[in-house]
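*Asks:* In the UniProt record's numbering, the protein residues as written are 1 to 222.
I should point out that these hints are in silico values taken from the structure, not numbers from a laboratory.
It is possible that some hints are incorrect.
Derived PhoX-like pairs: lysine-lysine, alpha-carbon spacing no greater than 20 Å straight-line [to be verified]:
#1 Lys46 x Lys29
#2 Lys37 x Lys18
#3 Lys29 x Lys42
#4 Lys42 x Lys61
#5 Lys8 x Lys46
#6 Lys46 x Lys110
#7 Lys100 x Lys110
#8 Lys42 x Lys31
#9 Lys29 x Lys61
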Amino acid sequence: MEEKNHYKRGFWTVEEDKILMDYIRVHGKGKWNRIAKVTDLKRCGKSCRLRWMNYLSPTVKRGEFSVEEDDLIIRLHNLLGNRWSLIAGRVPGRTDNQVKNHWNTHLSKKLGIRKEKGKLGVSSSLSSSKKSNRVEEVLKLPTDSNSDLSTTCDSNSTKPVQPKLMKASIQNTVEALNKQDPAVGECFESSFWPFTDDLNSNSPTLTELLDGYPFDAAWHTL
DNA sequence: AACGCTTACAACCGCATCACG
DNA sequence: TCGTGATGCGGTTGTAAGCGT
1 MEEKNHYKRG FWTVEEDKIL MDYIRVHGKG KWNRIAKVTD LKRCGKSCRL
51 RWMNYLSPTV KRGEFSVEED DLIIRLHNLL GNRWSLIAGR VPGRTDNQVK
101 NHWNTHLSKK LGIRKEKGKL GVSSSLSSSK KSNRVEEVLK LPTDSNSDLS
151 TTCDSNSTKP VQPKLMKASI QNTVEALNKQ DPAVGECFES SFWPFTDDLN
201 SNSPTLTELL DGYPFDAAWH TL
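Whenever a hint applies, use it, and build me the whole structure from the sequences.
*Replies:* Right under this line is the structure:
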């Protein structure tokens, strides 16, 4: 409680950024809660992590979203719903926060989607839900505690990916998607998911795969 | 110039999940 | 198996900047 109160909040200063970057340069990422203990930075671990992930990391791309990025985000959102981290993992250089903000401030307006209280007004079968975050649950698949897509597909995680479990889970997902809509299921073929531990890597086949699905007609009817 | 409103986005919060002892 | 701390995610809030009057 008292610990929490002495942490600073609000916008970061240049000095704070420098302290955080110096720490990461020496110790690397992770152990975010240690930063306030070993440096003069009066920020909680969560705040440090967020600042690094969303702003300071050299992999973060700044500036306006390109038309291609917009297009990709719209398509991925149609497929995945509000799975921002998953979407961001397929848009090189963009963070989940950036994608989420961009969607809420630009793309949802562009598409004429009203943000209803508690949910985005997208009629996606894969819309995220706090209580039903797993793809298996959303798709009413048999629950398997070892095949949590939110973990295996976590683009920002440094944890090792478990290819076998991931592949099994995706195969289930593809089967379910195929039942619902064969065209969507096709977009989730194995080539969509590179089974490597770098899920942030740019997949050259993604756009092609997404192009195979006739989203445009659906969007125009929104 | 001063104000009020809107927009964009950085940051926070609560919760879920994971990792480890 | 359980408890606890660390991490990640998505929703929400706060606020600076821009814009119109």
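*Asks:* It remains to establish, for every hint, whether it holds in the given structure.
*Replies:* Taking the hints in turn, this is what the structure says about them:
no., hint, result
1, Lys46 x Lys29, "holds (12 Å)"
2, Lys37 x Lys18, "holds (16 Å)"
3, Lys29 x Lys42, "holds (18 Å)"
4, Lys42 x Lys61, "violated (27 Å)"
5, Lys8 x Lys46, "holds (12 Å)"
6, Lys46 x Lys110, "violated (32 Å)"
7, Lys100 x Lys110, "holds (14 Å)"
8, Lys42 x Lys31, "holds (15 Å)"
9, Lys29 x Lys61, "holds (19 Å)"
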